[in-house]
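**Student:** Throw the hints in and build the complete structure from the sequences for me.
Under the working numbering, the first residue of the sequence shown is numbered 96, with each subsequent residue one higher.
Source of the hints: derived by calculation from the structure; they are not laboratory data.
Values in this document were obtained by computation on a predicted structure and should not be read as measured data.
Treat the hints with care, since some could be wrong.
Computed list of lysine to any residue pairs in SDA-like fashion (alpha-carbon distance at most 20 Å, straight line) [as the list claims (entries may be wrong)]:
| id | residue 1 | residue 2 |
| --- | --- | --- |
| 1 | K679 | E581 |
| 2 | K522 | L559 |
| 3 | K679 | Q702 |
| 4 | K679 | A699 |
| 5 | K679 | G705 |
| 6 | K522 | E473 |
| 7 | K907 | R940 |
| 8 | K679 | E703 |
| 9 | K522 | D490 |
| 10 | K522 | G431 |
| 11 | K522 | T549 |
| 12 | K907 | R844 |
| 13 | K907 | A936 |
| 14 | K522 | D477 |
| 15 | K522 | G536 |
| 16 | K907 | R935 |
| 17 | K679 | L661 |
| 18 | K522 | R844 |
| 19 | K679 | V658 |
| 20 | K522 | A568 |
| 21 | K679 | E690 |
| 22 | K679 | R698 |
| 23 | K522 | M486 |
| 24 | K907 | L807 |
| 25 | K679 | E693 |
| 26 | K907 | E943 |
| 27 | K522 | L807 |
| 28 | K522 | A495 |
| 29 | K522 | Q546 |
| 30 | K679 | G669 |
| 31 | K907 | A942 |
| 32 | K522 | P551 |
| 33 | K679 | L710 |
| 34 | K679 | V694 |
| 35 | K522 | A942 |
| 36 | K522 | A498 |
| 37 | K522 | T555 |
| 38 | K907 | R928 |
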Amino acid sequence: MDERITNQVLGPVTGKVVQIGHADSVACVGTPPARSRYRQWVRQVAPERLIGRETELAELARFCTAPDGAPAYVWWRAAPWTGKSALMASFVLSPPEGVRVVSFFVTARSLGDDTREAFVDVVQEQLAEVLGAAKDPEARNLNAVFAEAAAHCRARGERLVLVVDGLDEDRGASSGGHSIAALLPFPENGLRVIVASRLNPDVPPDVRSDHPLRAPGIERSLAPSPAAVAAKADMERELDALLQDQEDLLGFLVAARGGLSSDDLAQLTQRRPRDVERVLNSVASRSFTRRPAHWRPRAAPAIFLLGHENLHREAVEAFGNELSRYRAAIDEWAAGYRSAGWPPDTPQFLLRGYFRLVQESGDVATLVELAGDPARHERLLDVSGGDLAAMGELDAARAALLASAEPDLVRLITLDTYRDNFRDRNKITPVRLPAVWAALGQFDHAVALAQSMTDPGSRTRALLELAGELVRAGQSERAERLADDEHEPDLRDSLLAETAVALVRRAENAAAARIAERVSADQRQRIAAIGEPDFARAGQLAGTISREDLRDRTLRELAMLAVDDLDAAVELAGAVSRDLSRDKTFAEIAQRLVEQGEVDRARALAQERGAAGVLFRLDVTAELAAATDPAEAVGARFPDVDREHTLVPVLIEFLAATGRLADIPAVLDSMTNPFARREAVIRFVPALVAAGQVEQAFRWAGRYPSSRRSALELQADAHRFVVLADALLAAGERSRARQAAERAEAMTRRPAEDPRAAAAISALSTTVVAAGDVRRAELLAPLVQSNLQGLTEIRALASLLAERGDPRVAEKLICGVEFWSAMREPVTLLARRLRAAGDRAALARIAEYVRSRLKEESSGRQFAWHDRRSAIVMLAAVGEPAEVVELVATFPEDATLGLAIEDAMADLAARGEAAAALELCEYLHERDVGQARRVLVRGLTAAGHLDQAEAVLESVEGAERERLVLAFLPELAQHDLPRALARAREVESAEDRARLLVEISAAAPPDERRRILAEAVSLDHWSVVVPALDTEELAGLLDVADRFGALYRHDAPDA
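**Tutor:** Dropping the structure here:
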């Protein structure tokens, strides 16, 4: 591979030059044209021909092309029906030469197109096209992206111009919220900004005082044009005609703010669909604009909105209060579909636009009901192909609840249970599943599924596999869009490269070259290397890649492509830098040779390159071939080798290759390691498909399901059906492959176990038990992670009695238990209660009981650590302070006393015995002193010994003092709530802040308590607030238990 090959291009070339394929195959690729979906919308705003605006267009052109130093902002103001939007749209579609325009038209006639969020989304997409980069979804980066895009244009001899029309229609500004105007950029790198609005709006108050929109002298007035006046007259006549003849049709379109299809309007107006179509296609249709549906635009009916912003405004004024009647009818229409469980024929408006309509109305209760409806979740999944839409609704409803004056905690928790479920189920999607759906032709679903995955590593691998599969399915443009949708630059770069590599393998070199000029230099070299048919030259190209991991990956790919030319494959594999990767490449080459029947060459290569794994498999296979009973022979011949993980895979491959499939079930049933057995099944299933035993393949793919529901095990269960689907696709069994993919996806819908889910289940279980609701307790009981039994049950009962029951019954139970040291917590609780009641006689009896048990134990055997802890804690609760110190001093220096001393300090603190408590610190290991002090501070403060607590705080400095302050805050709240809240909100960790807020909330009055707890839920998992809920809220959680139980009780699909 030392020979150097050069090439050249003669003549002028604009853009990059990419060579893919033969040395004489060169593609010159210029900058790809911007693909703006938003321009399609602008075309609907613009007139077919702009009449009488030559002067204004010339002035706009001069503004955009003026040299640096000229004003960067201009604000055109005009009265209604002046033709302002027509002028701006025409300018956007035909800007002066050298001007790149990014635009946004604010409009109230289309739901969602009058918000700050829509502005960010639309503008970011256009800026990404200008840059040839991915859309940055974060609004806070918008000004920087404008500056970068303007610099990019300047470097190309162009100027970037932003056009925003209809600033007066901004819903955020009119409602006192955050405005679009506040996001308008400060001009850098020659950027110019054109703003248009009506005459009356002031600059919104959230716009900075130094913003160029506030600069004097930037306003221009726009006089009405004759064409605009004529258009106004025409539309007003049409509006009058519609109000007279088609009042209901118009009323529903205005009330819905666009988004209704002709079928939707037929249902709402109770007309025949063809009658509605006739009206929409009549002369009056000039008053309407069509748009494709958001989801499934090719199959779903188009949606309609009014044809002009002023037409919408005048229609709203014409209907007045009557518009509420249409809105109520839309609500009733939606309620019908909701009560039917959101059936398959649910209109898209009700799944998208209606939620936004409710959101804008401020009806938080309905918003929460929609977002928390599991039947709606399933319909959104079916229509959109993924969970992002449902998750977006949950986030919006959650934000609305948190922003409300009195947040409903039960509803907030309900939403969070569903958010947890979506997070879990999208975490365990098998990496290969989206690509399988693409191979089945379900492209939208494949993309939505991959984009919904929540584990970053799995999502990346799934997207990369999907990109290649889309190209193989003839969907290269969709694969490119998949890359463009990603905001992370490295991932976008990798996805574009994967698309190009797949195109190269299909010999679509021109398309590959066009994409190659959009990727990084390293990825471009990888694409060229894969496309080079001469392996020596390909190796040279791969060697120029600077990133070691990408270089090694490319060399490995090339080595596997060159297996038929073994010398070339070995040379390419030998160029891999990293030892582990190089060894793996040689092993894969040898294994490929085995699969091709070239066993001798495989053995020679394995011996030469030290591929021990391949040599071992060859030795095992040889023994199996010589044996009468392979299953018996393998264990006897290799007694020291792990049978299930190492030998069985080779045995199953051998039995499958020799047509002895009937012997494999016995091998699988004899296995005891569940993980090894599931891996063995993965090798068995494709062999069954290849043998035409499809039903048996389905049965075995579902055998041996996981006993637990960890994410790893649930993913492994689903993966077996993905393997089955791939095997069925290879066999041409597409309908059965779809069934296998559906089974795999159904398995991913089962929530996985994790600590947060366990905490939620435990919290809900506690709730239903406390309520005495047997039915709901039965629903959740099987899901609880640990069962109470023996001493644990007794201790819980004793604690309950000690705290709230008859003290005499509690004392009798505590003193009657054989394992006395297990009663540490009940003794502490009872002692505090007795001391508060002044029952010194009972305290003395329990103290004497503890002393007697101590005497018995110390004379009979050495104390166990838990006995020491119990003894110290019990004496601290019922004995004398000095007695506790004396007891601690009697234990050996290496005794484990940390937890015991901490518990004792808590009781001494409750008694105000700070000096004795601090004396106990001398017996602690240095690492335990800090925690013990925190226990002391918390106990002193809770008991009202604030001076002593402050003295302990003042005795330390630095980080330890801060930790003591945090221990101090929950108790401080009982005395100074505002101060405690202020200090808690300064804590950096969100989880710690949430925990502190929950503890502090106990000191707050009811309304403020709910707000504090809602803030805690917004910071951490909802189960953090369950211990702080009151009786009414706990009762409301019973409904959550039903929903949560239903989610977590889904039976696995039948095997």
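**Student:** Give a verdict on every hint.
**Tutor:** Hints, one by one, checked against the model:
Distance restraint check for K679 and E581: the Cα-Cα separation of roughly 31 Å exceeds the 20 Å cut-off, and the hinted pair is therefore not satisfied. For the given pair, K522 sits about 17 Å from L559 by alpha-carbon distance, which is consistent with the 20 Å threshold. With a CA separation close to 14 Å, the supplied pair K679 and Q702 stays within the 20 Å bound. For a cut-off of 20 Å, the pair hint linking K679 to A699 stands: about 16 Å separates their Cα positions.
Pair hint K679 plus G705 holds up; C-alpha atoms about 10 Å apart against a cutoff of 20 Å. Between K522 and E473, the direct Cα distance comes to roughly 17 Å. Compliance with the 20 Å bound is thereby established for this hinted pair. Of the pairs offered as hints, the one joining K907 and R940 holds, with about 11 Å between alpha carbons and a cut-off of 20 Å not exceeded. Distance check on the hinted pair: K679 and E703 sit about 14 Å apart at the alpha-carbon level, within 20 Å; holds.
For the suggested pair K522 and D490, the alpha carbons sit about 18 Å apart, so the restraint of at most 20 Å is met. Our distance criterion of 20 Å between C-alpha atoms is broken by K522 and G431, whose separation comes to about 34 Å. Proposed proximity of K522 and T549 is supported: the alpha carbons are some 5 Å apart, at most 20 Å. With a C-alpha separation of about 51 Å, the suggested pairing of K907 with R844 is violated against the 20 Å cut-off.
With a C-alpha separation of about 14 Å, the suggested pair K907 and A936 falls inside the 20 Å cut-off, and the hint holds. In summary, the hint linking K522 to D477 is supported, as the alpha carbons are separated by about 19 Å, within the 20 Å threshold. A C-alpha spacing of about 24 Å is found between K522 and G536, which places the hinted pair above 20 Å, so the restraint is violated. Restraint check for K907 and R935: the C-alpha separation of about 16 Å stays at or below 20 Å, so the hint holds.
Distance hint between K679 and L661 is fulfilled; the C-alpha atoms sit about 16 Å from each other, no more than 20 Å. The straight-line distance between the Cα atoms of K522 and R844 is roughly 10 Å, inside the 20 Å bound, and the hint therefore holds. A C-alpha spacing of about 14 Å is found between K679 and V658, which places the hinted pair at or below 20 Å, so the restraint holds. Restraint check for K522 and A568: not satisfied, since their Cα atoms lie roughly 26 Å apart, outside the 20 Å limit.
For the suggested pair K679 and E690, the alpha carbons sit about 16 Å apart, so the restraint of at most 20 Å is met. Taken as a hint, the K679 and R698 pair is honoured in the structure, with Cα atoms around 15 Å apart against an allowance of 20 Å. The hinted pair formed by K522 and M486 meets the criterion: a straight-line CA distance of about 14 Å does not exceed 20 Å. Among the hinted pairs, K907 with L807 is inconsistent with the structure: their alpha-carbon atoms are about 49 Å apart, more than 20 Å.
Restraint check for K679 and E693: satisfied, since their Cα atoms lie roughly 19 Å apart, inside the 20 Å limit. Note on K907 and E943: the hinted pairing holds, with a Cα-Cα distance of about 14 Å set against a maximum of 20 Å. For the suggested pair K522 and L807, the alpha carbons sit about 10 Å apart, so the restraint of at most 20 Å is met. Between K522 and A495 the CA atoms are separated by roughly 26 Å; this puts the pair beyond 20 Å, and the hint is violated.
Using a Cα cut-off of 20 Å, the hinted pair K522 and Q546 holds, with the two alpha carbons roughly 11 Å apart. About 11 Å separates the Cα atoms of K679 and G669, which keeps this hinted pair within 20 Å; it holds. Pair hint K907 plus A942 holds up; C-alpha atoms about 14 Å apart against a cutoff of 20 Å. Proximity of K522 to P551 is assessed by CA-CA distance (about 9 Å); at most 20 Å being required, the pair is judged to hold.
This hinted pair checks out: K679 and L710 have alpha carbons roughly 13 Å apart, not beyond 20 Å. A C-alpha spacing of about 18 Å is found between K679 and V694, which places the hinted pair at or below 20 Å, so the restraint holds. Only pairs whose Cα atoms come within 20 Å are accepted, and K522 paired with A942 is rejected, the gap being roughly 54 Å. Restraint check for K522 and A498: not satisfied, since their Cα atoms lie roughly 29 Å apart, outside the 20 Å limit.
Proximity of K522 to T555 is assessed by CA-CA distance (about 12 Å); at most 20 Å being required, the pair is judged to hold. For the suggested pair K907 and R928, the alpha carbons sit about 15 Å apart, so the restraint of at most 20 Å is met.
The structure does not agree with the numbered hints 1, 10, 12, 15, 20, 24, 28, 35, 36 stated previously, though it agrees with the rest.
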